[in-house]
Amino acid sequence: MNFMLFQNLKMTGRNFFDSGLKMLSASVQKFRLLHKPEKGLAATREFLEKIMESSVDGIVTTDLRGKVTYINRAMGELIQYKREEIIGRHIAEVYSRGIDQARDIMELLQKNEQAKNYEMEVKRRNGENRIILNSLFLVRDAENKVIGTAGIFKDITEQKQLAAKLKMAQLHLVEASKLRALGELVAGVAHELNNPLMASQTILHLLLKNLREDFPEKERLTFIGKCNDRIERIVEHLREFSRQTKPELKKIDINLPIENALLISARQLIDHGIAIVRQLSPGLPKIKGDANQLEQVFLNLIFNARDAMDEAGKVKELVIASAYEAQAPGPGVVVSIKDTGGGIPKEILSKVFEPFFTTKPVGKGTGLGLSLCFGIVENHGGRIAIESQPGRGTEVKVTLPASHSEKE
Amino acid sequence: MGKNILIVDDDEMVLLALEELLKPEGYHIGAATRGAEALAKMERQVYDLVLIDVIMPEMDGYELCRRIRLRPEYAETPVIFLTAKSREEDRVQGLDAGGNLYLSKPISPDKLLKIVADAVDRQGNESGSA
Numbered sequence: 136m137n138f139m140l141f142q143n144l145k146m147t148g149r150n151f152f153d154s155g156l157k158m159l160s161a162s163v164q165k166f167r168l169l170h171k172p173e174k175g176l177a178a179t180r181e182f183l184e185k186i187m188e189s190s191v192d193g194i195v196t197t198d199l200r201g202k203v204t205y206i207n208r209a210m211g212e213l214i215q216y217k218r219e220e221i222i223g224r225h226i227a228e229v230y231s232r233g234i235d236q237a238r239d240i241m242e243l244l245q246k247n248e249q250a251k252n253y254e255m256e257v258k259r260r261n262g263e264n265r266i267i268l269n270s271l272f273l274v275r276d277a278e279n280k281v282i283g284t285a286g287i288f289k290d291i292t293e294q295k296q297l298a299a300k301l302k303m304a305q306l307h308l309v310e311a312s313k314l315r316a317l318g319e320l321v322a323g324v325a326h327e328l329n330n331p332l333m334a335s336q337t338i339l340h341l342l343l344k345n346l347r348e349d350f351p352e353k354e355r356l357t358f359i360g361k362c363n364d365r366i367e368r369i370v371e372h373l374r375e376f377s378r379q380t381k382p383e384l385k386k387i388d389i390n391l392p393i394e395n396a397l398l399i400s401a402r403q404l405i406d407h408g409i410a411i412v413r414q415l416s417p418g419l420p421k422i423k424g425d426a427n428q429l430e431q432v433f434l435n436l437i438f439n440a441r442d443a444m445d446e447a448g449k450v451k452e453l454v455i456a457s458a459y460e461a462q463a464p465g466p467g468v469v470v471s472i473k474d475t476g477g478g479i480p481k482e483i484l485s486k487v488f489e490p491f492f493t494t495k496p497v498g499k500g501t502g503l504g505l506s507l508c509f510g511i512v513e514n515h516g517g518r519i520a521i522e523s524q525p526g527r528g529t530e531v532k533v534t535l536p537a538s539h540s541e542k543e
Numbered sequence: 171m172g173k174n175i176l177i178v179d180d181d182e183m184v185l186l187a188l189e190e191l192l193k194p195e196g197y198h199i200g201a202a203t204r205g206a207e208a209l210a211k212m213e214r215q216v217y218d219l220v221l222i223d224v225i226m227p228e229m230d231g232y233e234l235c236r237r238i239r240l241r242p243e244y245a246e247t248p249v250i251f252l253t254a255k256s257r258e259e260d261r262v263q264g265l266d267a268g269g270n271l272y273l274s275k276p277i278s279p280d281k282l283l284k285i286v287a288d289a290v291d292r293q294g295n296e297s298g299s300a
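Here the protein sequences line up with chains A and B, keeping their order. The opening residue of the first sequence carries number 136 in my numbering; numbering runs sequentially from there. The opening residue of the second sequence carries number 171 in my numbering; numbering runs sequentially from there.
In short, the hints are calculated from the structure, not lab data. Heads up, some of the hints might be wrong.
Said to hold, decoys possible - Taking lysine-lysine pairs in the DSS-like style, the calculated list, with each CA pair at most 30 Å apart, reads: (1) A:Lys486 - A:Lys451; (2) A:Lys451 - A:Lys385; (3) A:Lys421 - B:Lys193; (4) B:Lys193 - A:Lys353; (5) A:Lys344 - B:Lys173.
What the hints assert, rightly or not - Chain B is nowhere near these chain A residues, computed Cβ spacing over 10 Å in every case: (6) Arg180; (7) Ile194; (8) Arg355; (9) Leu415.
The C-beta atom is built at its ideal place from N, Cα and C for all residues, glycine as well.
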C-alpha cells in the first residue's frame with residue numbers, strides 16, 4: 136500500500152516537473168525572440184498591446200500638447216468613440232469640465248509626476264457624464280524627457296450611484312423612525328392638552344355668556360378665548376400629525392386625489408393670482424393608496440407652493456403633473472408640483488422634512504406639513520423628493536409604486 | 171323636572187367645567203373620576219344620560235360602558251363618549267362597547283349643550299311613549 140502511494144506521488148511529481156519544464160522553455164524561447172532586434176520589438180509591442188486591449192479600464196496616452204495618441208478598447212467603450220475618431224483630438228474634448236480639467240491635471244502632473252485615485256467626469260458622445268477614478272502619470276523617453284501623459288480611467292458611475300442611493304435610503308430610514316417616535320410623543324402631548332383646554336374654553340364660555348354688555352374686562356376675556364382657539368388649532372394640527380395610521384389602501388387613480396386637492400384649493404390659488412397648469416396624464420396605472428391621505432399630501436404641497444409664491448413670485452405659476460415612470464427605483468407614478476416661488480436655500484433644504492421646522496411666520500405654520508407628507512408617502516411605500524433653485528422655484532416629486540406593472 | 175346626568179372623567183378640571191356648564195341648564199349632575207365609582211353611583215340613583223371619558227385608570231371608558239349596558243335599567247340610556255381619542259378605530263370601539271355617540275375633546279360648549287339636550291329629550295320621549 137505504502138509503495139503504491141509512493142509511486143503515485145512520484146508520478147505526480149514528475150508530471151508537475153515536466154509541465155514546469157515546458158513552460159520554462161517556452162518562456163526562454165519567447166525571451167530569445169524578444170531579444171532578436173527587429174522581430175523582438177514587434178513582439179514586445181504586440182504583447183503589450185494585447186495587455187492594454189484586454190484591460191477592463193480605459194487607457195489613454197496623449198502628447199505634450201494634450202492630443203490623444205492612443206486609446207484602448209475599454210476607453211473607446213467608455214466614451215463611446217471609435218479609436219480613429221478620437222486620435223489626434225484634444226483630450227479635453229472628452230472631459231466634462233473641458234480645458235479647465237485638462238489644465239488642472241497638467242498642473243498636478245508637473246508638480247507630482249503622477250496622480251492616483253483622481254476623481255473626475257468624462258463626457259460620452261451622447262453627452263452623458265460618467266464618473267471616473269483616474270490614475271495619471273507623465274510618460275518619459277529613453278533620455279528621461281517628458282513626451283506625454285498617460286491615464287488609466289476606471290468608470291465608477293454605477294458604484295457612485297449605488298452609494299448615493301444607499302445613503303438616501305439610510306437617511307430616509309432615520310427620518311422615518313424619528314417621525315414615528317415623534318408621532319407618539321405628539322399624540323401624548325395633544326391628548327394631555329385637550330382636557331385643560333376644554334375646561335378653560337367651557338368656563339370662559341360661561342363667563343362671557345353671563346357677562347353684562349358693559350363689563351369693562353369683556354375684551355380681555357374675549358382675547359383669552361382667541362388664545363384658546365389658537366391652542367386648539369395647534370393641538371388639532373399636532374393630532375393630525377400623530378394620526379398617521381396605516382393608510383387604507385385601495386386601488387385608485389392618482390389623478391383622483393390630485394383633482395380633489397385642486398378642487399378645494401383652486402379658488403384660493405386664483406385669488407392669489409396663481410395660474411394653474413395641469414399636466415395630468417390620463418390612463419395611468421393604478422396605485423395602492425388612501426385617497427384621503429394623498430389628497431392631504433397634495434393639498435399641503437399646493438399650499439406650500441402658494442405661500443412660496445406669495446412671498447416671492449412675480450410670475451405665479453403652479454404646474455401640477457402626473458406621469459408614469461418605468462425607471463428605478465421601480466415602476467411608479469410620479470406626481471410633480473412645481474412653483475415659481477423664491478425657492479429653498481440649499482442650507483435648509485435638508486431640514487424641510489424635520490418636524491416643527493418652518494420658515495413661515497408665527498401662527499401661520501406649525502412646521503408639520505411636510506413631515507406629515509413625508510410620513511404619509513412613506514406609509515404608501517413611496518418617496519418624496521424636493522429640488523429647489525433659489526430665486527427660481529421649487530419642485531416636489533412624490534413617487535408611488537404602481538400596484539401592478541400594467542404598463543410596460 | 172330636571173334630568174340626571176352622570177359625568178365620568180378622571181380629569182377633575184374637565185369634571186368641574188362640565189358641571190358648571192350643565193348645572194345652569196337645570197340638570198342634576200353626578201360626577202365620578204373612576205369607573206367603579208360611577209357604577210356605584212348608578213346603583214343608588216338612576217341617570218338619564220351618562221357622559222364618559224375613554225382613557226381612565228383602572229377601568230377604561232369602553233369597559234365601563236359595557237358594564238353599564240349589562241344592567242337592564244340602563245339598556246336604553248344614552249351613553250356619550252367624550253374623549254381626546256379621535257381616531258376612527260377609537261370611534262368604532264366606542265360604538266361597539268354600546269355607546270350612542272362619540273365626541274372628540276375639545277368640543278364647543280354650545281354644541282355639547284345641544285347634543286346633551288337632544289339625547290335627554292329623545293330618551294324622555296321614548297320612555298314616555300313606551
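Checked hints:
1. Note on A:Lys486 and A:Lys451: the hinted pairing holds, with a Cα-Cα distance of about 25 Å set against a maximum of 30 Å.
2. Among the hinted pairs, A:Lys451 with A:Lys385 is inconsistent with the structure: their alpha-carbon atoms are about 35 Å apart, more than 30 Å.
3. For the hint linking A:Lys421 to B:Lys193, the alpha-carbon distance of about 56 Å lies beyond 30 Å, and the restraint is violated.
4. Of the pairs offered as hints, the one joining B:Lys193 and A:Lys353 holds, with about 23 Å between alpha carbons and a cut-off of 30 Å not exceeded.
5. A distance of roughly 23 Å separates the Cα atoms of A:Lys344 and B:Lys173; the hinted pair therefore holds under the 30 Å criterion.
6. Every C-beta of chain B lies more than 10 Å from that of A:Arg180, the closest at about 79 Å, which supports listing it as non-interface.
7. The Cβ of A:Ile194 lies farther than 10 Å from every Cβ of chain B, with a closest approach of about 65 Å, so its non-interface assignment holds.
8. Every Cβ of chain B is farther than 10 Å from the Cβ of A:Arg355; the closest lies at roughly 19 Å, confirming the non-interface assignment.
9. Residue placement check: A:Leu415 keeps its beta carbon more than 10 Å from all beta carbons of chain B (closest about 29 Å).
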